[in-house]
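Turn these sequences into a full structure, and let the hints steer you where they fit.
Protein chains in written order, with my numbering: chain L, 1 to 190; chain U, 1001 to 1312; chain X, 2001 to 2213.
Hint data in this document are derived by calculation from the structure and do not stem from the laboratory. Positions of the beta carbon are idealized from the N, C-alpha and C atoms, including for glycine. Certain hints may be false.
[Said to hold, decoys possible] Taking lysine-lysine pairs in the DSBU-like style, the calculated list, with each CA pair at most 30 Å apart, reads:
hint: 1; chain 1: L; residue 1: Lys93; chain 2: U; residue 2: Lys1003
hint: 2; chain 1: L; residue 1: Lys67; chain 2: U; residue 2: Lys1039
hint: 3; chain 1: X; residue 1: Lys2013; chain 2: L; residue 2: Lys161
[Stated by the list, open to error] Quick list of simulated restraints, FRET-style, between CB atoms:
hint: 4; chain 1: L; residue 1: Glu158; chain 2: X; residue 2: Lys2206; range: 48 to 56 Å
hint: 5; chain 1: L; residue 1: Glu69; chain 2: U; residue 2: Lys1175; range: 37 to 45 Å
hint: 6; chain 1: X; residue 1: Leu2058; chain 2: L; residue 2: Leu49; range: 31 to 39 Å
hint: 7; chain 1: U; residue 1: Glu1124; chain 2: X; residue 2: Val2172; range: 52 to 60 Å
hint: 8; chain 1: U; residue 1: Leu1030; chain 2: L; residue 2: Phe57; range: 45 to 53 Å
hint: 9; chain 1: L; residue 1: Gly185; chain 2: U; residue 2: Lys1044; range: 37 to 45 Å
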Amino acid sequence: MNLITLFLSALLINNVVLNQFLGICPFLGVSRNKSSAIGMSFAVMFVILGSSILTYFLYHFVLVPLKLEFMDLITFILVVACFVQFVEMYLKKMLPSLYRSLGIYLPLITTNCVVLYVCLGNISANYNFIEMLVYSIAVPLGFALILIIFSNIRERMENAKIPAPLRGNPAALIIAAMMALAFSGLAGLV
Amino acid sequence: MKKNRTFYLAGFLAVISMVAGLLLWFVNDLTYDRIQEGKIAAEKSNLEKIFPGASFAEVDFTDDTGLIEKVFEAKDTGYIYKINVKGYKDTITFMLGIKNSGEMTGYEVLSISDTPGIGMQVAEDAFKNSIIGKASNDGIATISGATISSSAVINGIKAAQADFNARFGISGEGKEPEPEPSVVLGAKVAINDASIDRYKGEITENTDTEYVVKVKGYGLVDDDGSHGLSYDYNIIRVTIDPETNTITAVAFDSFGDTSGIGSKANVPEYLDLFKGLSLDDTSVEVDTVSGATCTSKSIISAIRIVMDAAGK
Amino acid sequence: MKKLSIFTDGLIKENPVLVQYLGMCSALAITISLNNALGMGVTVILVLLISNIVISLLRKVIPDEIRIPVFIVVIATLVKCAELLLAAYTPSLSTALGVFIPLIVVNCIILGRAEAFASKNSVGASILDALGMGLGYTAALTVMSVLRQFLSTGTINLLNPFTNDLIFEFGVSEGFAAKYAITIFKEPVGAFLMLALIAAFVTWLKSRGKEKK
Chain L
1 MNLITLFLSA LLINNVVLNQ FLGICPFLGV SRNKSSAIGM SFAVMFVILG
51 SSILTYFLYH FVLVPLKLEF MDLITFILVV ACFVQFVEMY LKKMLPSLYR
101 SLGIYLPLIT TNCVVLYVCL GNISANYNFI EMLVYSIAVP LGFALILIIF
151 SNIRERMENA KIPAPLRGNP AALIIAAMMA LAFSGLAGLV
Chain U
1001 MKKNRTFYLA GFLAVISMVA GLLLWFVNDL TYDRIQEGKI AAEKSNLEKI
1051 FPGASFAEVD FTDDTGLIEK VFEAKDTGYI YKINVKGYKD TITFMLGIKN
1101 SGEMTGYEVL SISDTPGIGM QVAEDAFKNS IIGKASNDGI ATISGATISS
1151 SAVINGIKAA QADFNARFGI SGEGKEPEPE PSVVLGAKVA INDASIDRYK
1201 GEITENTDTE YVVKVKGYGL VDDDGSHGLS YDYNIIRVTI DPETNTITAV
1251 AFDSFGDTSG IGSKANVPEY LDLFKGLSLD DTSVEVDTVS GATCTSKSII
1301 SAIRIVMDAA GK
Chain X
2001 MKKLSIFTDG LIKENPVLVQ YLGMCSALAI TISLNNALGM GVTVILVLLI
2051 SNIVISLLRK VIPDEIRIPV FIVVIATLVK CAELLLAAYT PSLSTALGVF
2101 IPLIVVNCII LGRAEAFASK NSVGASILDA LGMGLGYTAA LTVMSVLRQF
2151 LSTGTINLLN PFTNDLIFEF GVSEGFAAKY AITIFKEPVG AFLMLALIAA
2201 FVTWLKSRGK EKK
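As structure tokens, this is what we get:
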């Protein structure tokens, strides 16, 4: 597949949040202000790239030769969990300033379905190494894009008059619906 | 003490993982065959067309082209490749069966929506027959007039052949594709046949030895633009020998029909067939080009007009 | 009495999807049809039930420091088993749910219940908790899928996932559906909108109840 097509479709058209409905929990949870949205985005990008490279090699050079493909899910989720742990420990020791800005988001990422989705997707779509890299960059970029746009909208929504039952998450979901509508217009791009 | 604790924790996790692994191994064992069967259930009816009665399993494959979608092994019989290629308008999906002996024995087009009459020829028997019976390292000839679709299919076949040959360690080139004969003759038709009458024309200039005839071709024959507007008259130059009263040459000054189809009649191999034809007898039967009947008849009409003018 | 409230809490007051906003990825993605919603709901109930039982049984053995990795291994094993069994016995359902089956692993409901409830309570209570939460999840999915499927296609049907036979079908006439179906509810837009409306409705119900008291 054409790498640019792959990149654009993963970034915009099949956007993880608006089209694949993944990562909704952090999407609603940490989008209340811009700085936490940006922190979360970077943490997710880093973890996805790292863990998809790790799982890619583990799958193709350990699980497949041993005919243990059915262990993929356990292996992947443990790799993700351990990777997040290690990153957290490393940052705490070596880069305390970065840890203070990203640290609180890291533990949340283990249960961010986008990470596992990318790891599994790399395998089931049979990507080669380059395609895997492009895909693992495009998907979290798409996540970051939506998260940051959304946090900007949400900061302004704080001052809006919203009927009581819709306040909070329901209103956020309606904004998400409108964003999905806007993004569906990009479908013809590729 | 702390070290012991770490060992205990690692050990505990290892035991849990081992139990998990065993359970999964057991469930995997239980379901593996059914899942494999389920995967090919959708394709089974198509697979059966190629190798009836065999038992099938999906297998891994190597493919640099990205055209092969799936490969099925028919146990002790051969391999079936499911291939997607980009045709002229749309994706063409087809299956190719290669026997373990290396003979290509099956070709089934599963989905195609190409230009009717042109690209669709890759789904017709003539093309199928040009594949079946060939060896896994033979070349296949494209269909002239449907070059885009047929060469796309042939690229898919080459990808399948490459994988198959790698499996069996077959190397080297097989037979080249036989060059397609430039003219395939169709039904014969008498020069004064009524079906020629529609191709009206007139002599635009003439000398004793040369006549130029402006005659309707395929596109203009119905006079209503129903074949589209991009057509023009065929201008045909007929040279005769007044001594022997025979035709010495037929040639196009200007070709107004469909290129790729009608142009199959605009080749020396066909036009030369009229050399030496007597101008006196309009009842003689002459050849037409298969697949370019209208243009052939347009030429024959021009010849009849010349005969009427010059013959006795 | 207390036991009953463990069960009903999950079903209504603490409904995982509509009140706690957990497990929303699958709630949005697979609620295109009732079939998918029930298939997903039953799978989650079973996984949640077994994981709650296993973790509750092992709660005194599991060392505290590594409890999260152990929970993850247990859940991942169960989910993988479910994935394999679904692929083997209900292939069409398995294709329809696709990647959302393995993603049950990171469905916050399951790990959340393991950590918050099963690791601290007896087996019996954990079973009730699993059933309550699981049914609450399934109920939310069912409501969403019925509304979405009906509004977008005009019919609601249910197939036997093992044989693909029709169990029941209910719908307006085809002509009416063709004219008035709101196909946008099939799209992502409709998913977000529907969940927002249902959640707002539940919030409104709850606030009304409080005022009465």
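Taking each numbered hint in turn, which are not upheld by the structure, reported in ascending numerical order?
-> 4, 7, 8
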